[in-house]
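**Student:** If you want the building blocks of each chain, they are given just below.
There are 2 protein chains.
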Amino acid sequence: MKLRITLILSLIFSTVSLKAQDSLMLRKIYDEELVSGQCYGNLHYLCKSIGPRLSGSANAQKAVEWGKKLMESYGFDHVFLQEVMVPHWVRGAKEAGVIIDGKKRISVPIAALGMSVATPKGGIAANVIEVRSLKELDSLGESAIKGKIVFFNRPFDSRFIETLQAYGTAGDQRNAGPAAAAKYGAVGVIVRSLTETLDNYPHTGATRYAPDGIKVPAAAISTKAADRLSNLLRKRNRPLIKFYFKQNCQTLPDALSYNVVGELRGSENPNKYITVGGHLDSWDLAEGAHDDGTGVMQSVEALRIFKALGYHPKNTIRAVFFMNEENGDRGGIKYAELAAQNNETHLAAIESDLGGFTPRGFGFSGASPDMIKNINLQWKKLLEPYGPDRLIAGGGGSDIGPLKDKTPGVVLIGYLPDSQRYFDVHHTPNDVFENVNKRELELGAASMAALVYLIDQHGFN
Amino acid sequence: MKLRITLILSLIFSTVSLKAQDSLMLRKIYDEELVSGQCYGNLHYLCKSIGPRLSGSANAQKAVEWGKKLMESYGFDHVFLQEVMVPHWVRGAKEAGVIIDGKKRISVPIAALGMSVATPKGGIAANVIEVRSLKELDSLGESAIKGKIVFFNRPFDSRFIETLQAYGTAGDQRNAGPAAAAKYGAVGVIVRSLTETLDNYPHTGATRYAPDGIKVPAAAISTKAADRLSNLLRKRNRPLIKFYFKQNCQTLPDALSYNVVGELRGSENPNKYITVGGHLDSWDLAEGAHDDGTGVMQSVEALRIFKALGYHPKNTIRAVFFMNEENGDRGGIKYAELAAQNNETHLAAIESDLGGFTPRGFGFSGASPDMIKNINLQWKKLLEPYGPDRLIAGGGGSDIGPLKDKTPGVVLIGYLPDSQRYFDVHHTPNDVFENVNKRELELGAASMAALVYLIDQHGFN
Chain A
10 MKLRITLILS
20 LIFSTVSLKA
30 QDSLMLRKIY
40 DEELVSGQCY
50 GNLHYLCKSI
60 GPRLSGSANA
70 QKAVEWGKKL
80 MESYGFDHVF
90 LQEVMVPHWV
100 RGAKEAGVII
110 DGKKRISVPI
120 AALGMSVATP
130 KGGIAANVIE
140 VRSLKELDSL
150 GESAIKGKIV
160 FFNRPFDSRF
170 IETLQAYGTA
180 GDQRNAGPAA
190 AAKYGAVGVI
200 VRSLTETLDN
210 YPHTGATRYA
220 PDGIKVPAAA
230 ISTKAADRLS
240 NLLRKRNRPL
250 IKFYFKQNCQ
260 TLPDALSYNV
270 VGELRGSENP
280 NKYITVGGHL
290 DSWDLAEGAH
300 DDGTGVMQSV
310 EALRIFKALG
320 YHPKNTIRAV
330 FFMNEENGDR
340 GGIKYAELAA
350 QNNETHLAAI
360 ESDLGGFTPR
370 GFGFSGASPD
380 MIKNINLQWK
390 KLLEPYGPDR
400 LIAGGGGSDI
410 GPLKDKTPGV
420 VLIGYLPDSQ
430 RYFDVHHTPN
440 DVFENVNKRE
450 LELGAASMAA
460 LVYLIDQHGF
470 N
Chain B
10 MKLRITLILS
20 LIFSTVSLKA
30 QDSLMLRKIY
40 DEELVSGQCY
50 GNLHYLCKSI
60 GPRLSGSANA
70 QKAVEWGKKL
80 MESYGFDHVF
90 LQEVMVPHWV
100 RGAKEAGVII
110 DGKKRISVPI
120 AALGMSVATP
130 KGGIAANVIE
140 VRSLKELDSL
150 GESAIKGKIV
160 FFNRPFDSRF
170 IETLQAYGTA
180 GDQRNAGPAA
190 AAKYGAVGVI
200 VRSLTETLDN
210 YPHTGATRYA
220 PDGIKVPAAA
230 ISTKAADRLS
240 NLLRKRNRPL
250 IKFYFKQNCQ
260 TLPDALSYNV
270 VGELRGSENP
280 NKYITVGGHL
290 DSWDLAEGAH
300 DDGTGVMQSV
310 EALRIFKALG
320 YHPKNTIRAV
330 FFMNEENGDR
340 GGIKYAELAA
350 QNNETHLAAI
360 ESDLGGFTPR
370 GFGFSGASPD
380 MIKNINLQWK
390 KLLEPYGPDR
400 LIAGGGGSDI
410 GPLKDKTPGV
420 VLIGYLPDSQ
430 RYFDVHHTPN
440 DVFENVNKRE
450 LELGAASMAA
460 LVYLIDQHGF
470 N
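Chains as they are written, first to last, in the numbering used here: chain A, 10 to 470; chain B, 10 to 470.
Same shape as in the complex, but just chain A (with noise of 0.2 Å):
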């Protein structure tokens, strides 16, 4: 009886204590980030002296050279890149919108999707059918289609609280909506940018085709403008309504590009892995800041907090760059193979793709329903006075996906910034630095340090 107790109470507090190093390291960590975090400043010059850096581009390959130098710089053991064939899309000159309201013209901003191909050189006109959803697409069919744009022109349902599911649930229009009009004889689709701002700035993305399909042009179009066009189309004779629009958009054949890659090797499991990234390409319109700038500046800033505070993993904790999230995938999915190739074994994947918001949360993919409840138990009170607490299940990061299949009982883990604001920036010229707050971007590269450090030292069981 006596023993047992004995044992109980050791027991007892050795989990005190491990919390207590655990809540202590925790602390420093974020005091390492708030008074002397590099990220900012890495950021803005990733914003400002590179600017945006679509795959394949010129800016691209200046993003991975410089990403290569600044983990070189900070002493980590092994910096290399990957090397990865990317699509290599140009937006090429300024796409031009217009729609024509009988002798009315009424020019408005449109931006091509990503992946789209070129209008005829003089441009297409055409009627206008206004829809709201792909099945209500179906429900028309080839003989409303045939010859006209479609005009996919479903909000954002504002309820959701989280703008990601209101995002995802609008997201078909844009991904499917252009082929799935090809299909029925559309000659070209213009889609409502993705957010729920009322703004006058066209958001772009990319859309997919059907391997084999017909391909016809598509842009997004600015919120304001959808709903004048809308509204046109509701009070006017129809015949009288067109659009015309004009882009020269092209696909160039594939280029070599790189995912950057920097390790701190483990010092008692060097050939298990925990990934912390962001994907360093982003779109053509503005300086890629919130997508995913913060992402890639909050990885390197994580290993750079383990540096400064002289912490040595006992797994290898790689920081990653992952090349072409915007219109490819093609960086996480040699990532993913190049890992299977290696027989790496693979702890965690922790991506930061969502902005560089204030701390909310991180979500767990490929964790069971006891796993999250023990996470919860164990790391929640630990994270609540920082932020970052809502452990909750699904979760995880278009780049880090692909580790799924490849790198079998890898725990993905997305990154959860509080969701309001991403999109208002979201694939437009708005997404530029100025609009990426120091602490909350700080407070995200902490929150990723720290869970890191506690799946290091404790994995999930």
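These are computed hints drawn from the structure, not numbers from a lab.
Each hint should be verified, as a subset may be incorrect.
All copies of an identical chain are treated as equivalent in the list; a pair is satisfied when it fits inside any one copy or across any two copies.
[Said to hold, decoys possible] Heads up, simulated DMTMM-like pairs for lysine to aspartate or glutamate below, C-alpha to C-alpha not over 25 Å straight-line:
| id | residue 1 | residue 2 |
| --- | --- | --- |
| 1 | Lys233 | Glu443 |
| 2 | Lys37 | Glu171 |
| 3 | Lys37 | Asp166 |
| 4 | Lys382 | Glu393 |
| 5 | Lys389 | Glu171 |
| 6 | Lys251 | Asp147 |
| 7 | Lys316 | Glu277 |
| 8 | Lys103 | Asp263 |
| 9 | Lys233 | Asp338 |
| 10 | Lys144 | Asp236 |
Model the placement of chain B on the given structure of chain A, informed by the hints.
**Tutor:** For chain B alone, kept in the frame of chain A given last:
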């Protein structure tokens, strides 16, 4: 035994159905606000058509009149004004601040602190003594300080996760620094702006002189200029460095102003009150968007939501636009005095005065530890899907504070939005409508309505 089981079961089921009912009502509140919210539009009017509204100003009077009309337009049961005499301080012509470095003159951004006296007409020039705290000032004493300009330059401690804590610990320099320096014979005081951000804006705010003490002119200096001055003082022979400033602010006789109050009368307890409020006055340098246009617009919105949903509260719910929080708290004091005079029973008062950012929680003062535990047990899960689920001890607001003594038993509640961006704009020309996010504002309004509903239905027991 059977009866007992039945009883227990019926208790369980009634609890479940009560929770389900609350859950449903909260969903309705957020839906109403996110789909049909009016507070963003109202805030636009307040910021753009009225603008800055310091106590005693013509704009403050305009805001009172408009606020009353707004409440009347929503058909509240009773809308009225409460007379209150307020300080009437005016800034006068734009201030001038100059670092004198030998023969070099460096203009720097300053702004008189609210309630400060003017400099002599030609300004003041004097040697500068930099201190980091009131304690350091005391240790230096009269011999070091007499005839000099005291420069309070302790920065925000960036290690605090909540910026409000950093504000709290740095704030004594602005509030009490000028009065303390005057005691030692200082001829003027400049105070590092209360923000972590390195920027070029002086952040104004009130200072408090001792009632019978000597009053010396005091101004805020931008953080960048503060760093520059501090560096010069470190590098150069101190006697070479002087500071010159000129301001012609003055305090006019007290002016008549008003709190604006709107009520939904309680169906069961008309003489029991739940107050939800913010302050209508703002600093003169900008539009008072986050401070505290968001708070007043959210408060009236909470009642508008109830009207829209046809919710008839058990207790009387009041939206209050308090006057004069920034430089006197007279509106809050008057409100509490009248509450006592009229024998009103106040159950709770909620204040939103920390900016219109994403909801994180509420802080409760005057609630026992058991009460806080119970609130968490009963309401945390209900609020979690929407964000404001940190229900913690401590909190309130300057305007509702005076209720504590005047209406014993009242629970004072501070609305806690995310705090990271508040001191970027606080008391600066940047506190404008454009820096408020529509959804963040609306989520806050709905959160306040949600808490009012829960208190109205269940009290705190």
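**Student:** At most 25 Å between CA atoms: does that hold for Lys382 and Glu393 within a copy, between copies, both, or neither?
**Tutor:** Close inside one copy (16 Å) and across copies (17 Å); limit 25 Å.
**Student:** I want to check one pair: Lys37 and Asp166. Are their C-alpha atoms no more than 25 Å apart within a copy, between two copies, both, or neither?
**Tutor:** between (41 Å within a copy, 15 Å between copies)
**Student:** When no copy is named, should Lys103 and Asp263 be tagged within, between, both, or neither for a Cα gap of at most 25 Å?
**Tutor:** So Lys103 and Asp263 pass the 25 Å test inside one copy only (23 Å; across, 59 Å).
**Student:** At 25 Å max between alpha carbons, let me know whether Lys389 reaches Glu171 within a copy, between copies, both or neither.
**Tutor:** both (21 Å within a copy, 18 Å between copies)
**Student:** With 25 Å as the alpha-carbon cut-off, assign the pair Lys251 and Asp147 to within, between, both or neither.
**Tutor:** Result: close within a single copy only, 22 Å intra versus 77 Å inter.
**Student:** Cα distance capped at 25 Å. Does Lys316 pair with Glu277 within a copy, between copies, both, or neither?
**Tutor:** within (17 Å within a copy, 63 Å between copies)
**Student:** For the identical chains here, do Lys37 and Glu171 meet the 25 Å Cα criterion within one copy, between copies, both, or neither?
**Tutor:** between (31 Å within a copy, 16 Å between copies)
**Student:** Go through the copies and call it for Lys233 and Asp338: within, between, both or neither, with a Cα cutoff of 25 Å.
**Tutor:** neither (31 Å within a copy, 42 Å between copies)
**Student:** Are the CA atoms of Lys233 and Glu443 at most 25 Å apart within a copy, between copies, both, or neither?
**Tutor:** Both ways: Lys233 and Glu443 sit 24 Å apart in one copy and 18 Å across, limit 25 Å.
**Student:** Please sort Lys144 with Asp236 into within, between, both or neither, judging by C-alpha distance up to 25 Å.
**Tutor:** within (21 Å within a copy, 61 Å between copies)
Hint 9 from the earlier list is the only one contradicted by this structure; the remaining hints agree with it.
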